[in-house]
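Enquirer: Those protein sequences? They're chains A and B, same order as listed. For the first sequence, my numbering begins at 1 and goes up steadily by one. For the second sequence, my numbering begins at 1 and goes up steadily by one.
Simulated from the structure, these hints should not be mistaken for laboratory data. Quick caveat: nothing in here was measured; it's all calculated off a predicted structure. Heads up, some of the hints might be wrong.
Reference listing, derived: stretches of chain A covered by chain B, where coverage requires no fewer than 3 residues with Cβ under 8 Å from a Cβ of chain B [to be verified]:
| # | region |
| --- | --- |
| 1 | 44 to 50 |
| 2 | 87 to 98 |
Chain B residues, not near chain A, derived (Cβ > 10 Å throughout) [to be verified]:
| # | residue |
| --- | --- |
| 3 | 2 |
| 4 | 4 |
| 5 | 62 |
Listed below are several chain B residues computed to face chain A (Cβ distance under 8 Å; list not exhaustive) [to be verified]:
| # | residue |
| --- | --- |
| 6 | 42 |
| 7 | 56 |
| 8 | 58 |
| 9 | 64 |
| 10 | 90 |
| 11 | 102 |
| 12 | 107 |
| 13 | 108 |
Just so you know, even glycine gets a beta-carbon here, dropped at the ideal spot from N, CA and C.
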Amino acid sequence: DQQVKQNSPSLSVQEGRISILNCDYTNSMFDYFLWYKKYPAEGPTFLISISSIKDKNEDGRFTVFLNKSAKHLSLHIVPSQPGDSAVYFCAARDPGTYKYIFGTGTRLKVLA
Amino acid sequence: DAGVTQSPTHLIKTRGQHVTLRCSPISGHKSVSWYQQVLGQGPQFIFQYYEKEERGRGNFPDRFSARQFPNYSSELNVNALLLGDSALYLCASSSSGGSTYEQYFGPGTRLTVT
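Generate coordinates for the entire structure from the input sequences, incorporating the hints supplied.
Expert: This is the structure we're talking about:
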């Protein structure tokens, strides 16, 4: 069963505009959520995280929003840059098993 | 500071063989996790070790095993390799202290089983 879902396999955005990447989860016990960026032939790079007790966390151009009632989180990138083009993964931590469960990723392409 | 390092970078093995992958965490990090990533999917959790003890295990067969050493480095072992074990194997480290749980990944080991 897919406990963490990224329903958009790909997204294209113009440079300078906002990129919004979405993630849904099913387990209300998840206590921590993370976003990673991955380039080909590299390991995922940590971007930003949020605890389940918060609803927003911001770091520079990146903001993560958490809606616990909807079991939904989103990553906003403003303004988008061509260097942001990569695959983005969301992940959730299960505090009972210590597992981090990843979504299948969204490929973001920022057009110059 | 050096990030998470993994060795080897690439590996080609034959079905039925055994493989050992190695990982050194970020200095000061006491927790290491292993993941398998196949093309088109997100990383799948295999193991987490903290202070040399297994703390979590994913849905992988017993052919997969791991251990963590006193210096917090780790090895992932896979026995009786199958073609389906071909994947990118990722190691991630975290401090597992305080109120944050960020994991930092290494570059991965690309395993090809023929």
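Enquirer: Now tell me, hint by hint, if it's right for this structure.
Expert: Checked hints:
1. 44 to 50: Three-residue rule met by the region 44 to 50 of chain A, so holds; n is 4.
2. 87 to 98: That given contact holds, which follows from 5 residues of the region 87 to 98 of chain A lying within Cβ reach (below 8 Å) of chain B.
3. 2: Per Cβ check, residue 2/B is outside 10 Å of chain A; nearest 14 Å; holds.
4. 4: 7 Å, violated
5. 62: 18 Å, holds
6. 42: 3 Å, holds
7. 56: At about 4 Å, which falls below the 8 Å cut-off, the nearest Cβ of chain A leaves the hint on residue 56/B intact, so it holds.
8. 58: 6 Å, holds
9. 64: 15 Å, violated
10. 90: 5 Å, holds
11. 102: 5 Å, holds
12. 107: 5 Å, holds
13. 108: Holds, because the Cβ-Cβ distance from residue 108/B to chain A comes to roughly 5 Å (cut-off 8 Å).
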